[in-house]
Structures are given as C-alpha cells and as structure tokens.
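In order, the protein sequence lines correspond to chains A and B. In terms of UniProt numbering, the first sequence is residues 1 to 353. In terms of UniProt numbering, the second sequence is residues 1 to 588.
Possibly wrong hints are sitting among the right ones.
Unchecked claim - Dumping the calculated DMTMM-like pairs for lysine to aspartate or glutamate here, alpha-carbon to alpha-carbon at most 25 Å:
no., chain 1, residue 1, chain 2, residue 2
1, A, K256, B, E249
2, A, K139, A, E73
3, A, K187, B, D168
4, A, K183, B, E269
5, A, K177, A, E267
6, A, K353, B, E269
7, A, K261, B, E72
As the list claims (entries may be wrong) - From chain B, some residues computed to sit far from chain A (all C-beta separations above 12 Å):
no., residue
8, G154
9, S205
10, F339
11, V545
12, V576
Calculated from the structure, these hints are not laboratory results. Each residue gets a CB set at the ideal place from its N, CA and C atoms; glycine is no exception.
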Amino acid sequence: MTRTTFRTSAIRNWSRRFFLTAAGSIAIAAAAGLPVHAQDAEWQKVIEAGKKEGTLVLYTALVGQPSTKAIAEAFTKEYGIGVEILEARASEIRERVRVEQAAGRFAADVMFTSEGQTMLYDKEDKSVDPLPVTPNSQKINDRFKLKVPMASVMTIPYGIMVNTGLVKPEDEPKSWKDLADPKWQGKILSDDPRAIGAGYLWFFSTHDRIGEDYVRKVAAQKLSFTRDQRESQRRTARGEYSIYMPVILTDFSDLKGLPVKFIIPEEGVPYVLYGNVLLKKAPHPNAAKLYLDFLQGPVVQKIYASLGYGPVLDGMTEGLPADVKAISEAKLYGTTDTTRQNEMLAKSKDIFK
Amino acid sequence: MTIIHNRSLDDINDTTPVLGGNAITRAFSGGSLTRLIGMLLLILILGFLTIYPLSMLLYGSLHSTPPGMAGEFNLNGYRSIMTTQNLIVLVNTVGISLAKTIPSLTIAVFLAWIVARTDTPFRGTLEVLITLPFFIPPILTAMAWGMLANPQVGVINMAWRWLTGAQDPLINIYSYGGVIWHMCQYSIPFLFLFMVDAFRAMDPSLEESSRMCGASRWTTFRKITLLLMLPVLTSSFMLSFIKGIETFESALFFGLPAGIKVITTDIYEAINHRATPDYQYATSLSFAIMGLMFLLVIAQWAILRGKSFQTVTGKGFRPNVMELGPWRWVTFAVCVLFFLVTVVLPVGQLLLGSFFRFFGFYTYDMLTLEHYRAVFSNSEFWRAVRNTMMLGLLGATATMALGAVVAYISVRTKWRGRSLIDGMAWLPWMMPGMVLGVGFLWAFAMLPGPIPIYGTIWALLLAYIALGTPVAVRVMTGSYHQLSYDLEECSRVHGASWLQTLWRILVALAWPAFAVGWVLTFFGIMRELSASILLYSVGSETLAVVLLKLWANGNAEQVSVIGLMMMLLVILFRWVQLRFIKARISKL
C-alpha cells in the first residue's frame, strides 16, 4: 500500500468515527433539551456565515503533504466549504503574502506555517490578525497556547536514522550525545546546520541543552552536509552513510522495507510547531475561523497523531500502533527561537566551517 | 578568408529601386513614422517584460526593505557584498563555469560536426538521442549520478573495486569534478542544439576554395568553418557561460558536501536560509554579477561588429558531407559513447528505479507499477499537464515570434534602437532565476488593481516569455547572421511584399533554428520553477510545481516517471521537427 493511499484511508476511517461520535452526541444533547449557551449561539453564527462564504483560501508552507488535501476534504465534508490550497516553501509563501497585502490584494484567508515564521509574519510583516477564540482553541494543551497569533496544530519530531546493514543493534546510538563518539567519524550524513532547516534545529536544541562542547565534538566528526532531507534518507538506506540526522521521524512509514531504523533519542526530539494563522483582511473570515477550529479538533488531531506527528490536543494517541504512538508521544526536547536566529546561525557557521 | 563589411536592408534600400507595397512594407523598409511606432511598441513590450521586473529588483537592492514596506534608500546592499569572501566565491564560480563551458563547447562542436557534416551512420537518430539529457529535470540526473558515482557504494565505484581489487573509489561525484560534470550534462546538448543547424547551413564552396588553395582539412576547419560560425559560437559560449555562473542545482547537490560555494548558493541562502530573507543583499549581488556579465556581451558585440558571416546565399548548395570511410565507425562510436555515458547510465537508473518501490533496491519483491499508477491517477498532475502544455505551446510560440523580430531588427537592419532591444532581450539571462522570480512577483503584484495579471495564468505566460526571449533571440540571431542579404534583395526586387519575403526567405531558411529555439523554449517552460512557484495560483499549477511537491514529499520514483514521460515528449517533438516539418517547409 502506498503512503498516499494509507494516509487517505486512515484519515477517512478517523473522520468516519468522529462524525459518528459527533452525530450521536448532538442527538443525545438535543434529546435531553440542554439549553444553548450564548457562546454556542455566537459560534453558530460563525458557522452560518462561513457556510455562506462557501470557500476558504489556504496557503501552506508544508509542501507536498497528502494530509493537507485530506484534511481539506474532511473540512469540506463537515461544513460544505470548499478549500483552495496553494503550496510553496516557507520563504516563498511568506513573500507572496507580504507583497500581496502591500499591493492591496488580500487573496488568502489562512496560512499553515511554523511558530518561528508566525513571529515574522506578525512582528515584521504585520500581515496577520489576532487569533479568534474558538470552541476547540480552549481545549488544547496549555503548552501549545502561544504568545504569537498562531493556532497550534501539531509538532514535527526529529530523531536519528541508522542503516541497519552498517550499524549493529548493540552499536546503535541511543541519544544525541552518542553521536559525539569518535567511532562515527566520517559516517554521519547531516542536514546542514549552517542554514535554517532541520540541521539548524538540531544544532539549536542541543547547543542550548547539552552545550557547545558537545556540538564542537560532533563538528569534529567530519560530518557530510546535505540540504535534501528525503533524498538523504535514501542515500543512507543505500549504504552511503551509517547515520543520517536529524531525520523527520514521521517518515518512518514511507521507508518500510528498507534497511533503516528510526531512533527516538533518549533526551527527546527537537521539534517544529506548526499551526494556522489568520491573515489580515481575509476575504472569507468566518470560513477561516471554522478552519482554525477544525484543525484543533479531535478529527484532525487524530489524523496527525496517526501519522506520527505530535498532537496539541491530549488523548489523541490511544489505540495507535506502538511504533506510531512512540513517535507521536515522544518527549519534546526543544525548538528554535526566532529572536536568536542571526546569533545562532553565526555561531553554527563558526563551529561547522 | 575575406571579411566583408556587413550590409543591412537599409544599405540595400539605398541601392535598389523604391518598392511599392502595403503599409507594413513601407513601415519596415523606410524611416516612416509607422516604423518608429513599431520600434516603440517593441521597446514597450520588452520594457514591460524585462526592464520593469528588473527595476523592481533594482529598487530592492537600493532600499532597506522590499517594495511595499517602509524603509529608506541606501547602498548597504552593495556595501555588504564587497567582501573578500565574496570575491573568492566569485572567482570560484567563474572558474567552475569556464571549466564546464570550454570542454562543453569543444565536445558540442565535435558532435555537431559529426552529425551535420559527416557520413556517420544513424546520425539522424543520434541527433535526437544525444540531446536528451538537457530535457531531464536536473534534480533527477543529480540523484542518478549520486547513485552511480558516490565514493562509498556508487555503482561505478563498486564495479571498479570488483574489477581491480582497489580500495579507493575511481570517481567521487561530490567534488569539483562532479559539479562540473553534472553541469556539462546540460550544457553539451544545449550547445549542440545551438550549433548543429549552423553547421548544416554552410555553403561548402568556401571550404572547398580553402582546400583548393592548399589548406589542410584541419586548417580549413579552423580558419573557415569555425570562423564562419563565430556568431553562433560566441552566442552559445556566452549563453552557456552565463548560465554556468547562475547554475544552482549542481553546486547545491554535489558541491555542498565538498564545501564548494558558488554565487547562487550564497544568493539562495540570503533569500531562504536567514532569519529574515535579505533581498537587498541578494539583489545587490545579482546586479553586480549582471554588470560583469554585460561586459562580456559588449565584448561579443565588439567581436562580431562589422563582419559578415553569410553562408546561405542564393546559390543552391548542399552542405558538404565529408566521407570518412572506415573512420565513420569511430565517429559513430564517439556518439554512442556519449549517449551511453550521459543518457543510458543516468536514465537507465531512472527507468529501472521507476519499476521498483525504492531507487537502488532492485529485488523481486520490490517490483511494482505503483509509481506509474500513482502518477496517472493524480488529478493534480493531469491539470498541471494541461496548464503546462497550454503555457508551453503559447509561450514558446510567442517567445520565438518576439525573438525572431528582435533578432531580425538587430541583425538585418541598421535601425536606430536596434542595439537597445538586443540588449534588453539579453537582460533576463543575466539575472539568476531565483532572483528574477522575485522580480516578477513584485512587478506583477504591484501593478495597478485593474490590470488583471497577478494571480492569473497570464502572469506565468508573461514571465515565461521574458525568460525565454534571450535564447530565442540568440538562436535566431545566429541563423540570420548566416543568411545572405541577396536573398531578400532578390525577393523584393521581384515584387514580393515584406511579409512574403519574411515567410519565403527568412522563415523558410531560418526555420531549423526557429524549431530548435521553440523546443528549447517549450522545455524551458516545462522545467521552470523559480518564477512558477511565486506566480502560480490555485488551478494554474504547472508541472514543475507538481514535481516540487512530489519531490518534497519523498516521491522521487514518481518524479522519475514524470521525467521519463517528458523525455518521451522530447523524442516525439524532435521526431516531428526533424521529419515532418522539415519535409513541409522544404517545399516552400
């Protein structure tokens, strides 16, 4: 079964289950004659207005993910609102939004992006609106309620990948610290830590938590650098290197059948928090609010958990296969801080010359 | 060889009877107001396509913030690029580009000569086959060469170790050599396409005269053949060298692991890998490079000025095909070797890999047709195919039409402003694609509201025309340089209108160049990503955008399936071009 098929069917299954549950709950509540709160009435107005708007324009910096389309379909099924999706890499999509707004072309409603990018959208470009309070926004884990105006949706976890043909089980690194062992010299393929990306995320997290000495020891391992994450996984699988780091752990299901193993380091996983922002003067503001809420609800949260991403709503990993559950529940180790990026990039370039 | 002074239609007008005819004839044959309006219109079109986006980028380089943001004018961008580090990177970049352009040009000339001027067997088929690498997305050939020539487990190195028992690898693709080799894969077929028809359009009488005067074959080749091809050679050298300066994929894929840095990776980093994209730095660096490149273009003008390279005259001739005797099998072997190394090796990997779950894991249980099924059942892919075909057909035709007019005026008239339009048509080639893409975004988005370009498929079309114009003009310029003015003179003396002359003489005789330019432009559009990703809108996705999405999600095998389909399309186009159109146009 291909990845796309697997994901789509998984999403459909989760959606079906949720819809049945939701429909049942509504029926019970209606039967019991519960009073409708004012808040609910307000939200009902948003739902009605969103349905009238009929369309939502979504920009996303997460390129090529089948889950985006599947979630959009689930949203359309829920509210009858069509979703138009435009994908581009983070810097490209950010510049599009900025220049569109500067020219008075308010084309997009919602942007799916990272916490770091949101800060730039908010502080530098001033292209986002404050977050609306929605029913589901109150229910997410407090850790993911942010100061920046982003409705958190999920975390992307990063770990270590080894070639099982080249690394014996007893030799496998178990922690980030193990990568400093001289036995790995010349055997590690690493995402480039000198540029914004996964390698930099690893550098930032471990530099802050383990220390500069550790990072310098890893730098002395004669790392080979790359900036193509997916191809690097294949290169490691083919035996060019023993270790690839940091790897997107959720990719493990795509590589089943290859001689590789994904390792969750003992310290935890560096992560990138993704979520939605409401863009300024969104042409479909109510549909946008519904979308923000929908992605923090159990339907989408279970979809992401089933793919190994970290959900922001608690209790979403029950019943998942053990390997998926382990990744989805992996201890979050650290992420980057946009305010320190120039300083840390300079440091990384100094260490990894 | 006698170099004669160049003649233009204006000279002809001075010496021939005044022709009657329609307004178009008069417009393009005299110094009328209509001609002036025609030129102004052309300058306006080129200005909108090239100067306007570049002026937005110039603003970006002189302003502390990009268009639409509060800031101030300053020279900080230009100050920040003046570093020793950047100078070293520039020297490195120029060195790499020269190291790939010179051997590429030499090989391409040799291959073009074999195909066009010798009796090498199957040269018609070889002409199509040896150009194929140019049309494969670079990321795919990079992946294929990574699998073939990585020092650890590359197929070639494994075979070398097995055969010789050596421990060290034979080749390492992650090196300067690897970067240059990967670039050569694209520049050799590109240069070959540029030159092969110029070799054909050569009156053998000049070479025969040289031989009769006692010159050796080598001297004749050097002093007659190559010198007559000077416009094509210098044009193609310039295009290839400048493209080498701007090439990005090879350096990123094979240079990064070896610590090789070039200008474009620096620009890419400034836009994509800093906390906030530094457009002022990126655009300043791009303009500095552009300034240097323009000096080269001026040098080319100086080399060609005042000389004639006419080889296609009113006299009937067939290009002299050299009979090589048994040596023809040697030239055949050279072509086959080139085809094997540059096409069969990498494309074989792609073809083989497309039938397995994962590239490089060729076991029975991994066999699958899933990648083909996934591509063919992907509705977004088919929508992108429709969009790209439409944009390709319209874009390539419009670009070549514009290029032909610009080249005609630039080469075959002495109209005031001809150098201006020729220079304007060069500009997009000298700006790295990823920066020019941003220029188009700024330019089209900042147009006044009522002009409905941004957010439509027309924004893509206009960007593609601008990006393709330099190649279109160079292809047609090379061809027009070779056509004798006697042909037009003769046509017009016999009463043919300007349009009839254009069609019967300039189109009929220059069609091979037009067709080659069209194919180059069409597939340039198919592969273009930098502008596409910034300008496409929902529903107007192009094939390159779909390829990016698939690649970003780790579907390299599906990307290969699409790459292979693109190659089939190339073979089809080239077959139609070489067999069908050739037969029809020759009857004109």
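Evaluated hints:
no. : hint            : in the structure
1   : A/K256 / B/E249 : violated, 29 Å
2   : A/K139 / A/E73  : holds, 23 Å
3   : A/K187 / B/D168 : holds, 16 Å
4   : A/K183 / B/E269 : violated, 32 Å
5   : A/K177 / A/E267 : holds, 9 Å
6   : A/K353 / B/E269 : holds, 15 Å
7   : A/K261 / B/E72  : violated, 53 Å
8   : G154            : violated, 8 Å
9   : S205            : holds, 55 Å
10  : F339            : holds, 26 Å
11  : V545            : violated, 8 Å
12  : V576            : holds, 34 Å
Hint compliance for this structure: hints 1, 4, 7, 8, 11 are broken, all remaining hints hold.
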